[in-house]
Amino acid sequence: MSVSPTSILSVERAKASLRDIIAALSLPDHAARITEAKNNAGNDMMMYMQLVFPLATQIQQDVIQNYGFPADREGLLEFTRIIKMLAKENEEIAQMDEDLRSLLIPSMVLPYPQTTSN
Numbered sequence: 005m006s007v008s009p010t011s012i013l014s015v016e017r018a019k020a021s022l023r024d025i026i027a028a029l030s031l032p033d034h035a036a037r038i039t040e041a042k043n044n045a046g047n048d049m050m051m052y053m054q055l056v057f058p059l060a061t062q063i064q065q066d067v068i069q070n071y072g073f074p075a076d077r078e079g080l081l082e083f084t085r086i087i088k089m090l091a092k093e094n095e096e097i098a099q100m101d102e103d104l105r106s107l108l109i110p111s112m113v114l115p116y117p118q119t120t121s122n
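First residue of the sequence shown? That's 5 in my numbering, and the numbers climb one at a time after it.
No wet-lab data here; the hints were simulated from the structure. Honestly, I wouldn't trust all of these hints.
Unchecked claim - Here are the computed lysine-lysine pairs in the DSSO-like style, where the Cα-Cα straight-line distance is at most 30 angstroms: (1) 19 <-> 42; (2) 92 <-> 19; (3) 19 <-> 88; (4) 88 <-> 42.
Let the hints inform the model, and build the full structure from the sequences given.
Right under this line is the structure:
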């Protein structure tokens, strides 16, 4: 017997949780710490993972506990899994999830391919 994601987190509570996470990440103190971590990481993805992701993870864990999830790695993984499932069926959740990811994941700028002339 499989459990429906909406039995764990309703669509409305999913939207509210995503709004709360985005708002928490935007709080002046959190935003400043994340910006500093991003600046320190620069274009080094390993540094980004070491400096930015732990901050973002902690902020998200602090929020999801208000929605019945444990404030730990497993709780965040379960929350993320449910959001991904709900996003497949709800455009607003999908957009909010994309907005959240754009706050956390750096845009990848690929170098322009070098060509040599002979």
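These are the hints, each one checked on the structure:
no. : hint      : in the structure
1   : 19 <-> 42 : 27 angstroms, holds
2   : 92 <-> 19 : 14 angstroms, holds
3   : 19 <-> 88 : 12 angstroms, holds
4   : 88 <-> 42 : 25 angstroms, holds
When each numbered hint is compared with the structure, no violation occurs for any of them.
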